[in-house]
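Could you build all of it, start to finish, from the sequences and the hints given here?
From first to last, the protein sequence lines stand for chains A and B.
When we follow this note's numbering, the leftmost residue of the first sequence carries the number 10, and every step to the right adds one.
When we follow this note's numbering, the leftmost residue of the second sequence carries the number 23, and every step to the right adds one.
Worth flagging that the hints you see were computed from the coordinates, not collected in a lab.
Every residue gets a Cβ at the ideal spot worked out from N, C-alpha and C, and that includes glycine.
One or more hints might be untrue.
Unchecked claim - Now the stretches of chain A that chain B is said to cover, found in silico as 3 or more residues with beta-carbon under 8 Å:
(1) 220–233
(2) 254–268
(3) 367–373
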Amino acid sequence: MLLGICKHNNKDFLLIDIPGTYSLMSNSQEEEIARNYICFGNPDATVIILDATCLEKNLNLVFQTLEITNKVVVCVNLLDEAKKKNIEIDLNKLSKLLGVPVVGTVARNAKTLNNLLDTVYNVCCSKIICNPKKIKYIPIIEDCILMLSSEVQKILPVSKQYLTRWVCLKLIDKDDSIINSIENAFGIKLSNEQILLKLDEIRKLLQKNDIDSSNLKDKIVSNIIFSAEDICNNVVKYKNSSHQNRDRKIDKILTSKKFGIPIMILFLGLIFWITITGANYPSQLLSDFFGYIQEKLLYFFNYINAPEFISGVLIEGMFQTVTWVISVMLPPMAIFFPLFTILEDLGYLPRIAFNLDNYFKKACTTGKQALTMCMGFGCNAARSCGV
Amino acid sequence: MSKIHLTDLPMNETGKVISINCPGHIKRRLLDLGIVKKTNIIPVLKSPSGDPTAFLVRGSIIALRKEDASLIDVEF
Numbered sequence: 010m011l012l013g014i015c016k017h018n019n020k021d022f023l024l025i026d027i028p029g030t031y032s033l034m035s036n037s038q039e040e041e042i043a044r045n046y047i048c049f050g051n052p053d054a055t056v057i058i059l060d061a062t063c064l065e066k067n068l069n070l071v072f073q074t075l076e077i078t079n080k081v082v083v084c085v086n087l088l089d090e091a092k093k094k095n096i097e098i099d100l101n102k103l104s105k106l107l108g109v110p111v112v113g114t115v116a117r118n119a120k121t122l123n124n125l126l127d128t129v130y131n132v133c134c135s136k137i138i139c140n141p142k143k144i145k146y147i148p149i150i151e152d153c154i155l156m157l158s159s160e161v162q163k164i165l166p167v168s169k170q171y172l173t174r175w176v177c178l179k180l181i182d183k184d185d186s187i188i189n190s191i192e193n194a195f196g197i198k199l200s201n202e203q204i205l206l207k208l209d210e211i212r213k214l215l216q217k218n219d220i221d222s223s224n225l226k227d228k229i230v231s232n233i234i235f236s237a238e239d240i241c242n243n244v245v246k247y248k249n250s251s252h253q254n255r256d257r258k259i260d261k262i263l264t265s266k267k268f269g270i271p272i273m274i275l276f277l278g279l280i281f282w283i284t285i286t287g288a289n290y291p292s293q294l295l296s297d298f299f300g301y302i303q304e305k306l307l308y309f310f311n312y313i314n315a316p317e318f319i320s321g322v323l324i325e326g327m328f329q330t331v332t333w334v335i336s337v338m339l340p341p342m343a344i345f346f347p348l349f350t351i352l353e354d355l356g357y358l359p360r361i362a363f364n365l366d367n368y369f370k371k372a373c374t375t376g377k378q379a380l381t382m383c384m385g386f387g388c389n390a391a392r393s394c395g396v
Numbered sequence: 023m024s025k026i027h028l029t030d031l032p033m034n035e036t037g038k039v040i041s042i043n044c045p046g047h048i049k050r051r052l053l054d055l056g057i058v059k060k061t062n063i064i065p066v067l068k069s070p071s072g073d074p075t076a077f078l079v080r081g082s083i084i085a086l087r088k089e090d091a092s093l094i095d096v097e098f
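Below, the structure written as structure tokens:
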């Protein structure tokens, strides 16, 4: 996790970046870390950053977060991109529907970020009271939650009462890993006799309604997704429904049978050419510069009459090797990785993965590995970490 | 209206998801991406080698391999 500190209106903020996910319940490691931090790390507030160009997909995460914490600020980023695509979002209405403050930002524009920090501050010190809207599940699941809630309420610590609904849901869903983390974090036991009895009752009730452990989660997720859809229909306006047409056209060319792979080879070839020829000049400069310093150092060692083996070890051994490595490796890396980052920002890398997936599948891996393989041309350490 | 596999859905035609029969971890991933019953799904791009295919779902594009897409039934 990354830490950041900032000062705003003479207040210090400690910001913690938790792994980006689409959801908090599918048990990948990132999601577990994210969930546990929000739930048990006692943050003063949680900021959820959404992509304005695909709000609906992101709202899923918002709802799941609202289930586990009260203090949330929703930040709708990339408003400039959305504007370009003729997407209009009614942030006030979104805020009303979610019951938490919503701030629109354009990350490049500092003013919008100040606005975000103001809101975060106000939420932290309870100047803005959040009243997050909880998902209403289908009646049968709501009934089950109701059956359990009084028992769970007795066990949960007073300060964590707002988690009752969520804990009940996880108990019904038999999500053992989450239940375990909850028990460990709060030092409680959620498997007492009353609860087990109720759970038994609930299981029978669910069975009567044709719900078992395999389709229960579907029903829960569907509920969340339909709520997200509903909200989106209310707050998002596509002024021109063909807003994705241009992107689609470009995609079609980039992934076409005829041009897809040649364009990819062209792009990567160009990057390698720029890297290899471009790196020669700074390499030369660096090695000249280090050579000059080495000469001066040798003079100095002669001047103080240092024994020859010392200057041998220190200068011809250590200094020369280190500077050689720097002058040979640094320039290509400093050129290759930024270029690669540009491709990433353009969104071209997922297209490469898409084009190559079939070939990588034959090696029992995914198209994404093409990217880490490419990074290996810049530096093998980066590749190994990626794999 | 007939029930077909997602892989048989013609390009740029809208299908409505009826059932998802993928193994657990893939199914969960699909749920996270918003693919549940009654969701509209449109195949929009094919990779140069024909597999995977990219689908438009809820305003974003995701790619699915043939073996996963064939386990999703849609109404068309």
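Tested hints:
no., hint, in the structure
1, 220–233, "holds (count 4)"
2, 254–268, "holds (count 6)"
3, 367–373, "holds (count 3)"
Taken one by one, the earlier hints all hold for this structure without exception.
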